[in-house]
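Asker: Listed below are the residues making up each chain.
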Amino acid sequence: MSREDYEIVMGLEVHAELSTKTKIFCSCPTEFGGEPNTHCCPICMAMPGTLPVLNEKVVEYAIKAGIATNCEIAKNSKNDRKNYFYPDLPKAYQISQYDMPLCERGYVEIETEEGKKKIRLTRIHIEEDAGKLNHDEYGRGSLVDLNRAGVPLIEIVSEPDLRSSKEVESYLRKLKSILEYIEVSDCKMQEGSLRADVNVSVRKKGATEYGTRTEMKNMNSFRSIVRAIEYEADRQIDVIENGGKIEQETLRWDDVSGRTFPMRDKEDAQDYRYFPDPDLLAIKMSDEYVEEIRRNLPELPESRKKRYIEEIGLPEYDANLLTASKYLSNLFEGASAICNNPKAVSNWIMTDITKELNERELEPDQIPFTAEQLGNLVVLIDKGTISSSIAKKVLVELFENPKDPMKIVEEKGWIQISDEGAIKEVVLKVLENNQQSVADYKAGKDKALGFLVGQAMKETKGKANPGMLNKMFLEELNK
Amino acid sequence: MELYELTAHELMDKLNNKETTITDITKSYIDRINDKEKDVEAFVTLTTEQALEKAKSVQEKVEKGEVNSKYAGIPIGIKDNICTKGVKTTCASRMLENFVAPYDATVMNKINDENMIMLGKLNMDEFAMGASTEYSYFKKTKNPWDLNRVPGGSSGGSAAAVAANMVPWALGSDTGGSIRQPSSFCGVVGLKPTYGLVSRYGLVAFASSLDQIGPITKDVTDSALLLNLITGHDEKDTTSLDIEKKDYTKALVNDVKGLKIGLPKEYFGDGINPEVKQAILDVAKKYEEMGATVEECSMEVTDYALATYYIIACAEASSNLGRFDGIRYGYRTKEYKNLKDIYINSRSEGFGEEVKRRIMLGTYVLSSGYYDAYYKKAQKVRTVVKNEFDRLFSKYDLLLTPTSPTVSFNIGTRSNNPLEMYLADICTVSVNIGGLPGMSVPCAVDSQGMPIGFQLIGNHFGEETMLRAAYTYEQNTNFKANKPTFKK
Amino acid sequence: MDISREEIIHIAKLANLKLTEAEIEKTLFNMKDILNFANTVNKVNTDNVYESIGATQNYNVFRKDEIKEFGDRDILLSNAPEQEDGMFKIPKVI
Chain A
1 MSREDYEIVM
11 GLEVHAELST
21 KTKIFCSCPT
31 EFGGEPNTHC
41 CPICMAMPGT
51 LPVLNEKVVE
61 YAIKAGIATN
71 CEIAKNSKND
81 RKNYFYPDLP
91 KAYQISQYDM
101 PLCERGYVEI
111 ETEEGKKKIR
121 LTRIHIEEDA
131 GKLNHDEYGR
141 GSLVDLNRAG
151 VPLIEIVSEP
161 DLRSSKEVES
171 YLRKLKSILE
181 YIEVSDCKMQ
191 EGSLRADVNV
201 SVRKKGATEY
211 GTRTEMKNMN
221 SFRSIVRAIE
231 YEADRQIDVI
241 ENGGKIEQET
251 LRWDDVSGRT
261 FPMRDKEDAQ
271 DYRYFPDPDL
281 LAIKMSDEYV
291 EEIRRNLPEL
301 PESRKKRYIE
311 EIGLPEYDAN
321 LLTASKYLSN
331 LFEGASAICN
341 NPKAVSNWIM
351 TDITKELNER
361 ELEPDQIPFT
371 AEQLGNLVVL
381 IDKGTISSSI
391 AKKVLVELFE
401 NPKDPMKIVE
411 EKGWIQISDE
421 GAIKEVVLKV
431 LENNQQSVAD
441 YKAGKDKALG
451 FLVGQAMKET
461 KGKANPGMLN
471 KMFLEELNK
Chain B
1001 MELYELTAHE
1011 LMDKLNNKET
1021 TITDITKSYI
1031 DRINDKEKDV
1041 EAFVTLTTEQ
1051 ALEKAKSVQE
1061 KVEKGEVNSK
1071 YAGIPIGIKD
1081 NICTKGVKTT
1091 CASRMLENFV
1101 APYDATVMNK
1111 INDENMIMLG
1121 KLNMDEFAMG
1131 ASTEYSYFKK
1141 TKNPWDLNRV
1151 PGGSSGGSAA
1161 AVAANMVPWA
1171 LGSDTGGSIR
1181 QPSSFCGVVG
1191 LKPTYGLVSR
1201 YGLVAFASSL
1211 DQIGPITKDV
1221 TDSALLLNLI
1231 TGHDEKDTTS
1241 LDIEKKDYTK
1251 ALVNDVKGLK
1261 IGLPKEYFGD
1271 GINPEVKQAI
1281 LDVAKKYEEM
1291 GATVEECSME
1301 VTDYALATYY
1311 IIACAEASSN
1321 LGRFDGIRYG
1331 YRTKEYKNLK
1341 DIYINSRSEG
1351 FGEEVKRRIM
1361 LGTYVLSSGY
1371 YDAYYKKAQK
1381 VRTVVKNEFD
1391 RLFSKYDLLL
1401 TPTSPTVSFN
1411 IGTRSNNPLE
1421 MYLADICTVS
1431 VNIGGLPGMS
1441 VPCAVDSQGM
1451 PIGFQLIGNH
1461 FGEETMLRAA
1471 YTYEQNTNFK
1481 ANKPTFKK
Chain C
2001 MDISREEIIH
2011 IAKLANLKLT
2021 EAEIEKTLFN
2031 MKDILNFANT
2041 VNKVNTDNVY
2051 ESIGATQNYN
2061 VFRKDEIKEF
2071 GDRDILLSNA
2081 PEQEDGMFKI
2091 PKVI
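Chains as they are written, first to last, in the numbering used here: chain A, 1 to 479; chain B, 1001 to 1488; chain C, 2001 to 2094.
So that you can see chain A by itself, here it is in the shape it has in the complex:
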């Protein structure tokens, strides 16, 4: 049997750090980075005698996420303690939610080759992040930094509805986009504010029972998630094909070697001894409160997409791509508002900006320039201040050293020559120096005109107004 005879079954546990100002149970800042242990206080360091107080925004953000992913919002909820020892977990328990999560039974719709597919969500709950372990200079010890300890997280658990690494990627991108739109998380994978654990099992196609699953952790990019899934599925199929059995275990993906490794000693049986945290009170959500959040929820990608197609007249493909990321969509809307030429902005994003992002291996949230700058760039083209070939150069500049496009154009001396006299001078000079082409044109070879225009562009370092050039060459040649 071969790989094609198997089906991969996956469910995801996605952790997103919420973009609240303060931690979930104390008033320390959640800001990424900072000197070790400077975003800490007695509470998040679990000093004896300290107590947690729940940040109201954490509840609000989790409910926003629940509404945006079509979940039912619990009327009654609570915080539970998950007990285990690890140096990054100062209380020796994580305050999480066990049997009464804030949100349950939702779904997210993704596009697949076979059309739309609903990925069901089991639940969304709130919990606290752990600290970080660093290694000391000489590799002899580990050092505990608790800046991240207590940063609020939502954990979004999906049903095992995903069947390929491609689906996993679409699901994750969709989830990321939703969370960005409703502004509850900045979802920066590179900073670890969006992390996904993937539960993977394989089974023969047509089988109804699920296979034994393994849980993979430590993937920090879309690329590594896809690689890890492919690796792990192959590994499991290999084991089964060789008559082996899959063990239920937690695996760590190692991006360098491209392999998974078991995370824990099998000896260490996990028993988290969940129980309601007696330091915290019950959470009750009224219908009014949930409705209020629903009413104030920012526009979701589906709705924006519809608007782009119906009101602006963009093709569905373009609208899809633009709304896939809040950052792209905001860039599009912001720039369009400035230049009043949404189709041109869309074109720039769909072609040149996407190309630059790919070449530079950047995500849309890492675009260094503003929507205003992009809008102004389109204005410069529309006004004829620069040509579109110059505009491409300006865009590269915007990626390298972002500032107002007019300033870039001025500093670089890229302003389009639209002065008739100056253009005529160039045209005459080019005609003078290219008698052969002139003769070719007159002999009916239209292609020669293009060559002449190109020469004029070369002469003006691309700054001549191409329309005017064309017109003037024709005038001269037809004299």
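In case anyone wonders, no lab produced these hints; they're calculated from the structure. All figures in this text were calculated on a predicted structure; none of them were measured in a lab. Hints may be right or wrong, so weigh each one.
As the list claims (entries may be wrong) - Under 10 Å between C-beta atoms, here's a sample of chain A residues computed to sit facing chain B:
no., residue
1, Met47
2, Tyr93
3, Asp271
4, Pro276
As the list claims (entries may be wrong) - If you want the footprint, here are the derived chain B segments under chain C, 3+ residues with CB under 8 Å:
no., segment
5, 1066-1078
6, 1323-1330
7, 1342-1349
8, 1364-1378
Idealized CB from N, CA, C, for every residue including glycine.
With the hints as your guide, set chains B and C onto chain A.
Answerer: Chains B and C alone, transformed into the frame defined by chain A:
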């Protein structure tokens, strides 16, 4: 009469009348500590030097008119599980032998804001687990009425220090009787407030849903005064209640006419020492004489409340004590090669036997397969106990019971059987399960000259009724004629 | 449902406690005794009774999302058995 013999409210009067100074009061207590501490051993840490400095500066502030709180300059002792910035907080454990909290508990902020003078940190059973203070890692506190006997626990240091006049009053903490039982053993007044009345922020947690800080004082008036000081909503403790602050001294009315007192018969069973039982029945009679109605009633779930208590308290403790891992603070073993060694050896060497036993028990009742049968069931029984109290308080204003089945016992004679030891908490734990206020008031001495206390149980926020009844009893009797003898 | 020796060892492991052979025996004996007593809770009829969560019936007590910096790392680290570069030091964890 020496200054140290006075109650806190008498000291306040003397200061108010300019009959003495803060410095003189502090010196008087320091002399007393120098005299008696070697016998009683109530303190884990003494802060007498800082106290004298502070007394001088507070005296100056008072003279300049910068401070005019009546609490200013009154000394106090603090149980060693309440965090004090700059002064060690050990919980009487090897685990925290050198721990200095980086912050003050909310009650300490209140005490410091009033310019009170802390004389030191008081001994206790390790992490407040125990009922004789013999489980302290550092020392065994003696009962001032008989130095061969225990002061009770876990707030044994607090009760003994008050009884020995080494402090005018003290703060204790009560999870299952830890304020009331030692108060009864030492012949002083101990009050456990309604759960949520006093902030727990800065109290090293034993069992979060049961712990409360409360006053241990020489009389009922001081109890009301100290309660006034420590109560109040605290946004750092979500279980602290956001209710209007009361002046409990207004409840100090010498009148119990019309008060209905229930006498739950389950608290007067076979396990109760006959002399104790008789003393409590005498109290009941006295209340009737003073105009209250006293009636026998029944609280059938009393026995189950004790089982419930041990399940819940140990479960919460097992989780609360996980943070003592030898990494950020506290004891770290010398014997380690890896992280696992640090965890296991630090905890095994740093915790005492009783603490480890309760961690084991709590871990077990929360573990997979047993959670429903023990912890979940206990939380349901807890609801039953609360309902039972609600039923009783729909009929009665107060319940009257013994505080402890026995008087203080000799050091070293405590049962080696943990279960027998736990059973001695039968009179006090239901109050914590119900989150109710409870109070122990001294009423008699037994044939050996050891004090006996009675317990009043109030409805939620029934502190005023409780204080009124206790005050009336105190005003119409004379327990104070009995004095600790420091018998060797 | 008596607690077994194996369970005692398992529980000690979960709690990160070390028990000597003698302590295992003693703990087993005491725990049996105590659990036997704790089991009496199962005699109480709790049909249609909700379990209590904590001691109070209150709910929804939250904090505003406002930053208050503690600002004193030194004091937070001052009790550490071992520290380096402003962090708590422990043996190497892979």
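Asker: Does each hint fit the structure? Answer for all of them.
Answerer: Each hint tested on the structure:
{"no.": "1", "hint": "Met47", "result": "holds, 6 Å"}
{"no.": "2", "hint": "Tyr93", "result": "holds, 5 Å"}
{"no.": "3", "hint": "Asp271", "result": "holds, 5 Å"}
{"no.": "4", "hint": "Pro276", "result": "holds, 8 Å"}
{"no.": "5", "hint": "1066-1078", "result": "violated (count 0)"}
{"no.": "6", "hint": "1323-1330", "result": "holds (count 6)"}
{"no.": "7", "hint": "1342-1349", "result": "holds (count 6)"}
{"no.": "8", "hint": "1364-1378", "result": "holds (count 8)"}
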